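Protein chains in written order, with our numbering: chain A, 792 to 1219; chain B, 792 to 1219.
One or more of the hints may lead you astray.
Identical copies go unnamed one by one, so any copy, or any two together, can satisfy a pair.
What the hints assert, rightly or not - The calculated EDC-like cross-link candidates involving lysine to aspartate or glutamate, where the alpha carbons are at most 16 Å apart (straight line), are:
id: 1; residue 1: Lys-823; residue 2: Glu-943
id: 2; residue 1: Lys-1188; residue 2: Glu-910
id: 3; residue 1: Lys-841; residue 2: Glu-1019
id: 4; residue 1: Lys-1010; residue 2: Glu-1127
Hints are computed from structural coordinates only; laboratory data are not their basis. In this text the structure is predicted, and so the values were computed from the model without any measurement.
Protein chains: 2
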Amino acid sequence: MTQPLRLGIAGLGTVGTGVVKIIRQQAALLTKRTGRSIQISAVSARSRAKDRGVSLSDYGWEDDPVALATRDDVDVFVELMGGAEGSAKAATEAALAAGKDVVTANKAMLAMHGQALAELAESKNANIRYEAAVAGGIPIIKALTEGLAANEISRVMGVMNGTCNYILTRMEATGQGYNVLFDECAKLGYLEADPNLDVGGIDAAHKLALLSSIAFGTKVDFAGIEIEGIQRVTLDDITHAADMGYRIKLLGVAQKTGRGLEQRMMPCLVPAQSPLGVLEGGTNMVVVEGHAVEQVVLRGPGAGEGPTASAVMGDICDIARGLRLPVFGQPAATLEAAPVAQSVLPAPYYLRMALTDKPGALAKVASALGDAGISIDRMRQREHDGDVATVIIVTHKTARPALDEAMTSMDSTGVVQENPVAIRIEAL
Amino acid sequence: MTQPLRLGIAGLGTVGTGVVKIIRQQAALLTKRTGRSIQISAVSARSRAKDRGVSLSDYGWEDDPVALATRDDVDVFVELMGGAEGSAKAATEAALAAGKDVVTANKAMLAMHGQALAELAESKNANIRYEAAVAGGIPIIKALTEGLAANEISRVMGVMNGTCNYILTRMEATGQGYNVLFDECAKLGYLEADPNLDVGGIDAAHKLALLSSIAFGTKVDFAGIEIEGIQRVTLDDITHAADMGYRIKLLGVAQKTGRGLEQRMMPCLVPAQSPLGVLEGGTNMVVVEGHAVEQVVLRGPGAGEGPTASAVMGDICDIARGLRLPVFGQPAATLEAAPVAQSVLPAPYYLRMALTDKPGALAKVASALGDAGISIDRMRQREHDGDVATVIIVTHKTARPALDEAMTSMDSTGVVQENPVAIRIEAL
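Could you build all of it, start to finish, from the sequences and the hints given here?
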């Protein structure tokens, strides 16, 4: 293992530049720790001329990432272009077909094509490593695939989009509404080119799909995730939730149920003092529950040059050290296609509704819930606005279909002014 | 890699029994994930007859752990006996000498003999894996050695003794004193046979010594750790700290300084709302700060059958999958002997003192601090007890020698009734 490990890096944005910097600046450390010299043979990016604050003159250049991926002097293709399709996928496939290992931060590509790419990689005895694809600098893929490998996992959950968490925690801290903070994020450059990837929960759901596959030995199933973004979370809900000891997080949850795999990415209430509840700003957190380990929580920066490059480099070091693993922790051919189970497991819910302020209105709501078999844990009537009173209800555990039934029957009472809001409360 | 991996397990206490259970009950999962069958060839323990709730009849038996460690049908010697010397060390050395890999949970043995054992292992091309030795179920050794391998680590710290954290958080929650909770822990079986290993900070310091070595590429140096237990933490200090927004934790900190490696395990104040501050009961937490990743926090159960067995099994799975690493993340021969640096880096301090309640008393204390170049961030005078007033001071950052100088000069003013208490405040 004294031969150098030779990289071809495609994509020199924030993360790619960060990777080049670490390789240049920490060369001695990397060699000491991996026993090999880690070298860059060539790079590829959209613009060759752009000043990235780091010299590329020592490296070859390829305009075409596919050409880079298949160079003879490239042992590992480092894909940091992003995008589920197009060049990223073509170059990844080319590298794997040539039997080269791939390190990528591309959650979208793996969420959409993970199974096919894993099969291709394993047929060529090649690795795909993707620590940077999930939760930035947090070594969660490694923890789940390796450290916790002897656990039957019961649940994986996490806050995995820093922008959403930033918006939600800033709404609470500043009392500003969603739109104001969305605009602030746009100005700060916290949003993807398509902001719906962030605020619509898509990006976080891509990450959840990868964690699910490892945790449960199932084929990556992005389409099976129930996704709801944070666009409809109001300051009112954040405030009411806080009053009752909760915070609202865009929370991804994956768990095995008797009916299949339940995967959801949606706003949830979590206890304010829980590890997830205290999470501020752009920080990410992943919680893993296993039969032996009980609960392990990992927390760290979810994005940024340094943290993401740290994760990419962790994968590169693993390859340099000779670690070889199936892409999703077990051979791709053994991954199961689990049935999609949505909202199977009961949970308590937070309900907010605007009620006509008349005698008997609350009783009608209470009996709609009671008729559906839902009992009330806590209820608070808040400010009146003319003839309308805001009522907040926290239910005991209920199945989602029963709740939907109750909401429909509430609607028909004529005392509920607008569509009630229902947000799941996730126990920790 | 289709041959079974054959284990010899020495020590069938809580952890050993937990390992046997996982191997028996999760055989299919383990094979799917590692590509091999994981089998137990033989075991060894003090009593063969004891009912451990798990059948041992399928396995060979050795009274002598050294004989177990060197059996031809043992690929991996799993050392779960504990103790820095004696059988554990003899059997570990015998296994390594025979070129067998070792998985151990033995922090004391590695803290005292880590360098020699690593050299022996590497000379025989054998592995020593010890995830379970530090922070129970948390995969921190893996995160630090592998996931964060490209980081120049600046600081590692953590709460790594669940019993101490249990005592400290219960003192705050119940208002009971240290002695009452010590007795409670004794009854609950939370204490080591020698309780000073727990409450004296020794056990946690063993763990810190291992993390330091990996983080900084230094030879394990347990003797270089400044250790202070929790025996002198009073309910008063916990209460005063809470009033000022802090909690007291038995915190291990290791950091590289200009003068060498600073390692300490001692009660510290941390911000009550920080990840370390909110940590309750027996839960452990490790914080790693690296040049690229910024800060990563791992949290999980620090002890117990399931979590510790999970960590042991993670190591066994790694070996089954063919992962081979130097014991402390780089070849033992390249580990440096770093000079011991104690309290080099300045920090704010919490001071509690009993002052004679006379005009000018506080001024004398303030000028003792000022003369030593220490400025006061916050000061509170608390309850009087006859002629004595309790004064709490939070200083700005100061070097420990300056503080010691100030304490000495306070002592000579004659207004300080007893030895002032000084506790470091660790920033997060």
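Structure-based check of all given hints:
Taking the shortest Cα distances, Lys-823 and Glu-943 sit within 16 Å of each other only across copies (12 Å), while inside one copy they are farther apart (35 Å). Taking the shortest Cα distances, Lys-1188 and Glu-910 never come within 16 Å of each other, neither inside one copy (41 Å) nor across copies (56 Å). Taking the shortest Cα distances, Lys-841 and Glu-1019 never come within 16 Å of each other, neither inside one copy (38 Å) nor across copies (54 Å). For the homomeric pair Lys-1010 and Glu-1127, the shortest alpha-carbon distance inside one copy (6 Å) is at most 16 Å, but the shortest distance between copies (46 Å) is not.
Going down the numbered hints, you'll see the structure goes against 2 and 3, while the others check out.
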